[in-house]
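Produce the entire structure from the sequences given, and follow the hints as far as they go.
Protein sequences, first through last, are from chains A and B. Heads up: the first sequence at position 34 corresponds to 34 in the working numbering, and the numbers run straight through without jumps. Going from the second sequence to the working numbering is simple: count from 1 and add 220.
Hints in this document: simulated from the structure, not taken from any laboratory. All figures in this text were calculated on a predicted structure; none of them were measured in a lab. Heads up, a few of these hints could be off.
Unchecked claim - Straight line, CA to CA, 25 Å or less: simulated SDA-like cross-link-like pairs of lysine to any residue: (1) Lys118/A - Gly311/B; (2) Lys273/B - Ile106/A; (3) Lys108/A - Arg312/B; (4) Lys378/B - Ile162/A; (5) Lys78/A - Lys255/B; (6) Lys411/B - Leu345/B; (7) Lys425/B - Arg364/B; (8) Lys20/A - Gly371/B; (9) Lys118/A - Ser174/A; (10) Lys118/A - His277/B.
As the list claims (entries may be wrong) - Covered stretches of chain B (chain A as the covering partner; in silico rule of three or more C-beta atoms under 8 Å from a C-beta of chain A): (11) 244 to 258; (12) 305 to 319.
Claimed, not checked - Negatives, chain B to chain A, calculated, CB over 12 Å: (13) Arg281; (14) Ser288; (15) Asp289; (16) Pro290; (17) Leu293; (18) Glu402; (19) Phe423; (20) Val430.
Glycine residues also receive a C-beta, built at the ideal position from the N, C-alpha and C atoms.
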Amino acid sequence: MNGAADMGGMMGFGPVQPEKNEPIFHTEWERRAFALALAMGATGQWNLDMSRAARESLPPPKYLASSYYEIWLGGMEKLMAERGLVTGDEIAAGKMLHPPKPLPRILKAEAVPGALAKGSPTERAATSPAKFKLGDKVRARNMHPVTHTRLPRYVRGHIGVIELLHGAHVFPDSNALGQGEQPQWLYTVRFAGTELWGAAADPTLSVSVDAWESYLEPAS
Amino acid sequence: MSHSHDHHHHDHHEGTVLSEVELRVRALESVLVEKGYVDPAALDILIETYETKVGPHNGARVVAKAWSDPAYLEWLRKDATAAIASLGYSGRQGEHIVAVENTPLVHNMVVCTLCSCYPWSVLGLPPVWYKSAPYRSRAVLDPRGVLRDFGIELAPEKQIRVWDSTAEIRYLVIPERPAGTEDWAEADLAKLVTRDSMIGTGFAKAPAEVSR
Numbered sequence: 001m002n003g004a005a006d007m008g009g010m011m012g013f014g015p016v017q018p019e020k021n022e023p024i025f026h027t028e029w030e031r032r033a034f035a036l037a038l039a040m041g042a043t044g045q046w047n048l049d050m051s052r053a054a055r056e057s058l059p060p061p062k063y064l065a066s067s068y069y070e071i072w073l074g075g076m077e078k079l080m081a082e083r084g085l086v087t088g089d090e091i092a093a094g095k096m097l098h099p100p101k102p103l104p105r106i107l108k109a110e111a112v113p114g115a116l117a118k119g120s121p122t123e124r125a126a127t128s129p130a131k132f133k134l135g136d137k138v139r140a141r142n143m144h145p146v147t148h149t150r151l152p153r154y155v156r157g158h159i160g161v162i163e164l165l166h167g168a169h170v171f172p173d174s175n176a177l178g179q180g181e182q183p184q185w186l187y188t189v190r191f192a193g194t195e196l197w198g199a200a201a202d203p204t205l206s207v208s209v210d211a212w213e214s215y216l217e218p219a220s
Numbered sequence: 221m222s223h224s225h226d227h228h229h230h231d232h233h234e235g236t237v238l239s240e241v242e243l244r245v246r247a248l249e250s251v252l253v254e255k256g257y258v259d260p261a262a263l264d265i266l267i268e269t270y271e272t273k274v275g276p277h278n279g280a281r282v283v284a285k286a287w288s289d290p291a292y293l294e295w296l297r298k299d300a301t302a303a304i305a306s307l308g309y310s311g312r313q314g315e316h317i318v319a320v321e322n323t324p325l326v327h328n329m330v331v332c333t334l335c336s337c338y339p340w341s342v343l344g345l346p347p348v349w350y351k352s353a354p355y356r357s358r359a360v361l362d363p364r365g366v367l368r369d370f371g372i373e374l375a376p377e378k379q380i381r382v383w384d385s386t387a388e389i390r391y392l393v394i395p396e397r398p399a400g401t402e403d404w405a406e407a408d409l410a411k412l413v414t415r416d417s418m419i420g421t422g423f424a425k426a427p428a429e430v431s432r
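Right, dumping it as structure tokens:
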């Protein structure tokens, strides 16, 4: 969806403000929100693409006014409410008001190091040959799905060159909708700065994005 | 997106009044624990891992080895995920890694315009600025301007390559090795490697800036 999260090329946010000796977390609630998001993610009640979709579909005024862990929190609350795991009245009350749903997977303390070390690789066996090869010219499709996608707006309609092949990877657009992994070939596509931003762009700039095969069409 | 991570502080009165978000997180944690969905001890381990164990020192070791060992650098170029895993760094948000090398002709910079994708296994959790709207919006359009925000002026003839992490591939920048470090041991080289130099928003430190 064309939400507030898709920020590449927007203007007016002001300078980047690096913080000297920045702590990992700035407040105790950030620590807890981070850990809760990881622990709940590990229950398998949603996948990574669903959690990204939940965050980026927050209404733009809310997204833009929130700090990053507030966005995580908002996304997590939405996912839990949708699944009837925790509802708004329970958060307001600060206690359980409805019986818990049985969850087949709970992240126990002793399983944390193993789970983090394993991660969640997204590469899958390819079921078809790659449509594009290194050096091919491709156009990022001009598409505007109303659901989750990872093709940023600033490359849509523009021509780039395939520079890396990554094998077949879980397709976020379907996975976010609960329609399965439907793995597709994943490519890194390199765009010239002037192709994306016009003649006034920095002539030394190129921008590369990772794009699934169905995001791309041949260009000549 | 607001990057004023301390904008709730106006609600504080000597720690007796909690902000709305603090209350919300506390309530949420209570409910999740009460329902048995989360193990409180697991939460503590998750926090401890990313506060004390996983961080840019991991990536610094990778870079120092790449600077010292040509065979390792070649492995990094071919299969960074495996080369990095051989040092014990793998897993969450580092499942698929590509290393990109800075040279006298090319400067690489990494961003995630869509969210906050970042190579956790080698750099730890991203700083606030990396997740903020100013960086995400401008890195792909005006990276030289962004570098100026970091106090860096890039030579005008240098090519600048921005990598937008839109999938599960995570990018690690191998900064240029500082001159005058030819006889340095790997462990000393690692001291020169900053977090920002591995994102591409900084350079490695000068030899005079560290003690060997």
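Here is what the structure says about each hint:
1. Simply put, Lys118/A and Gly311/B have alpha-carbon atoms about 5 Å apart, close enough for the 25 Å limit, and the pair holds.
2. As the CA atoms of Lys273/B and Ile106/A are separated by approximately 23 Å, the hinted pair is consistent with the 25 Å bound.
3. For a cut-off of 25 Å, the pair hint linking Lys108/A to Arg312/B stands: about 17 Å separates their Cα positions.
4. About 22 Å separates the Cα atoms of Lys378/B and Ile162/A, which keeps this hinted pair within 25 Å; it holds.
5. Only pairs whose Cα atoms come within 25 Å are accepted, and Lys78/A paired with Lys255/B is accepted, the gap being roughly 17 Å.
6. Restraint check for Lys411/B and Leu345/B: the C-alpha separation of about 19 Å stays at or below 25 Å, so the hint holds.
7. For the hint pairing Lys425/B with Arg364/B, the CA-to-CA distance comes to about 20 Å; that is within 25 Å, so the pair holds.
8. Taking the CA atoms of Lys20/A and Gly371/B, the gap is about 13 Å. The hint holds against a cut of 25 Å.
9. For the hint linking Lys118/A to Ser174/A, the alpha-carbon distance of about 23 Å falls within 25 Å, and the restraint holds.
10. Restraint check: the Cα-Cα separation between Lys118/A and His277/B comes to about 20 Å, which is no more than 25 Å; the hinted pair holds.
11. With a threshold of 8 Å between beta carbons, the proposed coverage of the region 244 to 258 of chain B by chain A holds, since 14 of its residues qualify and at least three are required.
12. Proximity of the region 305 to 319 of chain B to chain A, defined as three or more residues with a beta carbon under 8 Å from a beta carbon of that chain, is established by the 8 residues found.
13. The non-interface label for Arg281/B is consistent with chain A: the shortest C-beta to C-beta separation is roughly 17 Å, beyond 12 Å.
14. With 12 Å as the threshold on Cβ separation, the claim that Ser288/B sits away from chain A holds: the shortest Cβ distance comes to roughly 26 Å.
15. With a minimum CB-CB distance of about 24 Å to chain A, Asp289/B clears the 12 Å threshold, and the non-interface call stands.
16. At roughly 22 Å, the least C-beta separation between Pro290/B and chain A is larger than 12 Å, which holds for a residue marked as non-interface.
17. A cut-off of 12 Å between C-beta atoms confirms that Leu293/B is not in contact with chain A; the least separation is 18 Å.
18. Taking the minimum C-beta to C-beta distance to chain A, about 29 Å, the non-interface status of Glu402/B holds against the 12 Å cut.
19. At roughly 14 Å from the closest C-beta of chain A, the C-beta of Phe423/B stays outside 12 Å, upholding its exclusion from the interface.
20. Distance check for Val430/B against chain A: the nearest CB is about 16 Å away, which clears 12 Å, and the non-interface claim stands.
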